[in-house]
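2 protein chains.
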Amino acid sequence: MRPVKVGLLGLGVVGGGTWAVLTGNAEEIARRAGRRIEVVAAAVRDIEKARRLVGDAIAITSDGMALVRDPDIEIVVELIGGDTQAFEWVMEAIRQGKHVVTANKALLARHGNEIFAAAHAQGVMVAFEAAVAGGIPIVKAIREGLTANHIQWLAGIINGTTNFILSEMRVRGVSFEQALADAQRLGYAEADPTFDIEGVDAAHKLTLLASLAFGIPVQFDKAYIEGIANLAQEDIAHAERLGYRIKLLGITKRRPEGIELRVHPALIPAERLLANVEGAMNAVMISGDMVGATLYYGQGAGALPTASSVVADLVDMTRLLAADPEHRVPLLAFQPDAMADTPILAMAAVSSSYYLRLRVEDRPGVLADLARILADSGISIGSMFQEPHGENAADIIFLSHEALEGDIDRAIAKIQTLSFVKSKVTRLRVEHLS
Amino acid sequence: MRPVKVGLLGLGVVGGGTWAVLTGNAEEIARRAGRRIEVVAAAVRDIEKARRLVGDAIAITSDGMALVRDPDIEIVVELIGGDTQAFEWVMEAIRQGKHVVTANKALLARHGNEIFAAAHAQGVMVAFEAAVAGGIPIVKAIREGLTANHIQWLAGIINGTTNFILSEMRVRGVSFEQALADAQRLGYAEADPTFDIEGVDAAHKLTLLASLAFGIPVQFDKAYIEGIANLAQEDIAHAERLGYRIKLLGITKRRPEGIELRVHPALIPAERLLANVEGAMNAVMISGDMVGATLYYGQGAGALPTASSVVADLVDMTRLLAADPEHRVPLLAFQPDAMADTPILAMAAVSSSYYLRLRVEDRPGVLADLARILADSGISIGSMFQEPHGENAADIIFLSHEALEGDIDRAIAKIQTLSFVKSKVTRLRVEHLS
Numbered sequence: 001m002r003p004v005k006v007g008l009l010g011l012g013v014v015g016g017g018t019w020a021v022l023t024g025n026a027e028e029i030a031r032r033a034g035r036r037i038e039v040v041a042a043a044v045r046d047i048e049k050a051r052r053l054v055g056d057a058i059a060i061t062s063d064g065m066a067l068v069r070d071p072d073i074e075i076v077v078e079l080i081g082g083d084t085q086a087f088e089w090v091m092e093a094i095r096q097g098k099h100v101v102t103a104n105k106a107l108l109a110r111h112g113n114e115i116f117a118a119a120h121a122q123g124v125m126v127a128f129e130a131a132v133a134g135g136i137p138i139v140k141a142i143r144e145g146l147t148a149n150h151i152q153w154l155a156g157i158i159n160g161t162t163n164f165i166l167s168e169m170r171v172r173g174v175s176f177e178q179a180l181a182d183a184q185r186l187g188y189a190e191a192d193p194t195f196d197i198e199g200v201d202a203a204h205k206l207t208l209l210a211s212l213a214f215g216i217p218v219q220f221d222k223a224y225i226e227g228i229a230n231l232a233q234e235d236i237a238h239a240e241r242l243g244y245r246i247k248l249l250g251i252t253k254r255r256p257e258g259i260e261l262r263v264h265p266a267l268i269p270a271e272r273l274l275a276n277v278e279g280a281m282n283a284v285m286i287s288g289d290m291v292g293a294t295l296y297y298g299q300g301a302g303a304l305p306t307a308s309s310v311v312a313d314l315v316d317m318t319r320l321l322a323a324d325p326e327h328r329v330p331l332l333a334f335q336p337d338a339m340a341d342t343p344i345l346a347m348a349a350v351s352s353s354y355y356l357r358l359r360v361e362d363r364p365g366v367l368a369d370l371a372r373i374l375a376d377s378g379i380s381i382g383s384m385f386q387e388p389h390g391e392n393a394a395d396i397i398f399l400s401h402e403a404l405e406g407d408i409d410r411a412i413a414k415i416q417t418l419s420f421v422k423s424k425v426t427r428l429r430v431e432h433l434s
Numbered sequence: 001m002r003p004v005k006v007g008l009l010g011l012g013v014v015g016g017g018t019w020a021v022l023t024g025n026a027e028e029i030a031r032r033a034g035r036r037i038e039v040v041a042a043a044v045r046d047i048e049k050a051r052r053l054v055g056d057a058i059a060i061t062s063d064g065m066a067l068v069r070d071p072d073i074e075i076v077v078e079l080i081g082g083d084t085q086a087f088e089w090v091m092e093a094i095r096q097g098k099h100v101v102t103a104n105k106a107l108l109a110r111h112g113n114e115i116f117a118a119a120h121a122q123g124v125m126v127a128f129e130a131a132v133a134g135g136i137p138i139v140k141a142i143r144e145g146l147t148a149n150h151i152q153w154l155a156g157i158i159n160g161t162t163n164f165i166l167s168e169m170r171v172r173g174v175s176f177e178q179a180l181a182d183a184q185r186l187g188y189a190e191a192d193p194t195f196d197i198e199g200v201d202a203a204h205k206l207t208l209l210a211s212l213a214f215g216i217p218v219q220f221d222k223a224y225i226e227g228i229a230n231l232a233q234e235d236i237a238h239a240e241r242l243g244y245r246i247k248l249l250g251i252t253k254r255r256p257e258g259i260e261l262r263v264h265p266a267l268i269p270a271e272r273l274l275a276n277v278e279g280a281m282n283a284v285m286i287s288g289d290m291v292g293a294t295l296y297y298g299q300g301a302g303a304l305p306t307a308s309s310v311v312a313d314l315v316d317m318t319r320l321l322a323a324d325p326e327h328r329v330p331l332l333a334f335q336p337d338a339m340a341d342t343p344i345l346a347m348a349a350v351s352s353s354y355y356l357r358l359r360v361e362d363r364p365g366v367l368a369d370l371a372r373i374l375a376d377s378g379i380s381i382g383s384m385f386q387e388p389h390g391e392n393a394a395d396i397i398f399l400s401h402e403a404l405e406g407d408i409d410r411a412i413a414k415i416q417t418l419s420f421v422k423s424k425v426t427r428l429r430v431e432h433l434s
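Chains as they are written, first to last, in the UniProt record's numbering: chain H, 1 to 434; chain X, 1 to 434.
The hints are all genuine.
Among chain X residues calculated to face chain H with C-beta under 10 Å, some are:
no.: 1; residue: Leu22
no.: 2; residue: Pro137
no.: 3; residue: Ala141
no.: 4; residue: Arg143
no.: 5; residue: Gly302
no.: 6; residue: Ala323
no.: 7; residue: Phe334
no.: 8; residue: Ala340
Chain X regions said to be covered by chain H (calculated; three or more residues, Cβ under 8 Å):
no.: 9; segment: 146-153
no.: 10; segment: 326-332
What the hints contain is simulated information worked out from the structure, not anything from laboratory work.
For every residue, glycine included, the Cβ atom is placed at its ideal position computed from N, Cα and C.
Chain H with its partners taken away, still in its complex shape (with noise of 0.2 Å):
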């Protein structure tokens, strides 16, 4: 059979290792999908740099938008990155017939909902494997190896960089803003960090796993996400002395009520597969009613594992080029017209169990009241263990049962106003993953 053809938007980073892939491995790639896969255009922004990337052997262009129109091409793959020009490029692509392939995932979490209908519309795929967990195949473990399964929950490290951070606090027992340092000098790290540290990189991924997995518009807007700036050192051992690990998780689960949609730094416990994932590593436990729980674990960024995902979306695609539009997977794993409009819950009405630290004033009867300020929210205590601090004070942590996300802030907000507390208090959820 003939090769198919494939324009690239961007020879960067996760660029450059597609072509390495396709080109380092074109015959084992050909092997098994039984035919060609070839780059015939690029459009970059640097010309000469891409001229000593991939030689004479392709088309080079600036114009991402005549690349995407260039009736050559039947697969555009888009590598830019944002949510302006890739979206531009993206949605004329689908307007042109073309089949998309996207590591992109703020494009998707942000206007995912307007391309998937506008390919529904024009009848093309989007595939998206790189766009969460980089090489693990984790779309395609929803979307088709678990497709048996109501989805119960999922839980995931799919951000590399604070994973790295926080491994860094444990292993290391330096400070967030340490290990941030350390982060940036080995390149685990962006110079601006933010989208990172703050969760919004792991939300987006997060908004299209949970679509994924419970056949729901995506809804990045309704994610909550909390980062891990704050989290402070101390919180971080005093997790280790109960048994638990601190890990950046995205956090989606199916209740009567509605969907959970959050990503924050949760308490795992230290024997869980999670919370021994290292490193920049990715991993992602995946609960379905009939299968269990399932774990998926690998790199989540780099060239070439990222790359990895991209080639095998493109594979899948050469497959069923010429096939009816209904012998696809659909796009967001549940037929379009089988999507539901699941309400996303509010924090307020999320489940968790909590922890809690508090500094107070060593003295007969603090304990006594706020045992009974939980308990009159409603709040069962699973542990409690209390430090010394200096002379006159203590830090107090306490470990809650599974309670409502509303009460335990209630509690807060009340042991807050106590003349003995002498700090904030800190909250962080403890997820059991079970």
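Chain H is already provided as a structure; the job is to place chain X on it using the hints.
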């Protein structure tokens, strides 16, 4: 669209689970697949028992051959196990132009080449996600998710019974016999556990994984198989002290001279995720040249997890029933005309690190003599420790660097002739998985 009509061979554990998944999650599955999947008939040994399970909803027969010839049935799901009757019925189903889903690793490991050739000739699909690692979508991950990669190696815990036994031996310090008895009492091991504890079941699965990873024919007869029945509690304890855990691994590796294909107990570093897979769970680690190492974890057996994979195959098939064969994923990941005849390596040519334990007389010069023999065989020692045993004897444990198995075996043969060596040398392989 009209429902797809499925016939079940077998309504036992996995057959009953498949019935439960297809009926219990019918709505969710149809939301994804776009059409219903209906079981219209089942062939069983005990018709009364089957009627109690499924009522009068479907046709029940004791004649499997009649079922696979029923012109109304589009997909045959084989869940009876074994490789004689199952082989006959599956081959007849293929001759009848029916697609086949099976969970039967023994059947495919022993007759896979014949079955896949017949399916290719007839233009039908044969899917077997449930045959390896139960509910984990590992076939799909290799065949599609990692399709851009040269797979370099994979190593898996793919037998839950033996992993449960090894977990018990380590955590509770019991003997193999005690752990096996517990596993039988708890339903993790069968009354006749031979296939599991001798590694045959794991080798069946590994054989299939190797074909998917490397594009080679199914070659169960060339797999090296060593079970866990001879594992001593003291080796598990020594391993732990050295920072390792012992797991029964299925390992297959691409090397310049050929492919390693082997099932045996192995020491793996305790900090690896694979070392932390406990109880009856399964996990497979796969290394690709582009993606690096990825890992897949979940329940490897049980009615519902296995049925989850059976139904995932049914949904995939449902989409592609009316499509041209070119739109399908190749049965064994590679195009039939692109299969390789790479040889399977003999164990003497396999490369690994080794753990050696032996009892010696405790007198000067013993260690020097042992070290000399190892050095003369080209084996370099990574670490060693010695433990007194009574007044005049000591146990010596060596960990070697990577060596050829032929070299280590020649060295052991020499050591075994030394007059101060009081025991048979225990030799276990060490896998660093990196």
